[in-house]
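Those letters in the sequence shown? Residues 1 to 70, by full-length UniProt numbering.
Each hint should be verified, as a subset may be incorrect.
To be verified - Simulated crosslink set (EDC-like; lysine to aspartate or glutamate; CA at most 16 Å straight-line): (1) 64 - 19; (2) 33 - 55; (3) 64 - 25; (4) 3 - 19; (5) 64 - 24.
Note that these hints are calculated values from the structure, not bench results.
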Amino acid sequence: MRKVRSVAGDSVNLLLYRETGRSDDAAEEALWKLNPTLAEHGPVLSAGVWVTLPELDSKPAAIKPVTAWD
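Construct the complete structure from the given sequences, taking the supplied hints into account.
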C-alpha cells in the first residue's frame with residue numbers, strides 16, 4: 001500500500017482514478033475500508049490530505065452486460 005496527498009479540489013473518485021487508473025465500485029470500496037475517516041473531509045478534499053491507496057489489479061473484473069432479453 002502506498003500513501004498519496006490530495007491536491008486542492010480532488011474528490012475521492014478523481015484521486016483514485018488518477019493514481020490507480022480505476023474508479024469502479026470494487027476499487028472505491030477498498031479505498032474507503034482503508035480510509036474510514038476520509039468522509040469527514042467532505043465531498044471535495046483540501047490540499048495535503050493523506051490517502052492510503054489499496055493494492056488493486058490493473059483492470060477491474062469483467063462485467064457481463066445485461067440485455068433486454070435476459
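Hint check results:
Annotation: proposed proximity of residue 64 to residue 19 is violated, straight-line Cα distance about 26 Å (limit 16 Å). Between the alpha carbons of residue 33 and residue 55 the distance comes to roughly 12 Å, so the proposed pair stays at or under 16 Å and holds. For the hint pairing residue 64 with residue 25, the CA-to-CA distance comes to about 15 Å; that is within 16 Å, so the pair holds. About 10 Å separates the Cα atoms of residue 3 and residue 19, which keeps this hinted pair within 16 Å; it holds.
As the CA atoms of residue 64 and residue 24 are separated by approximately 15 Å, the hinted pair is consistent with the 16 Å bound.
Hint violations for this structure: number 1 only, all remaining hints satisfied.
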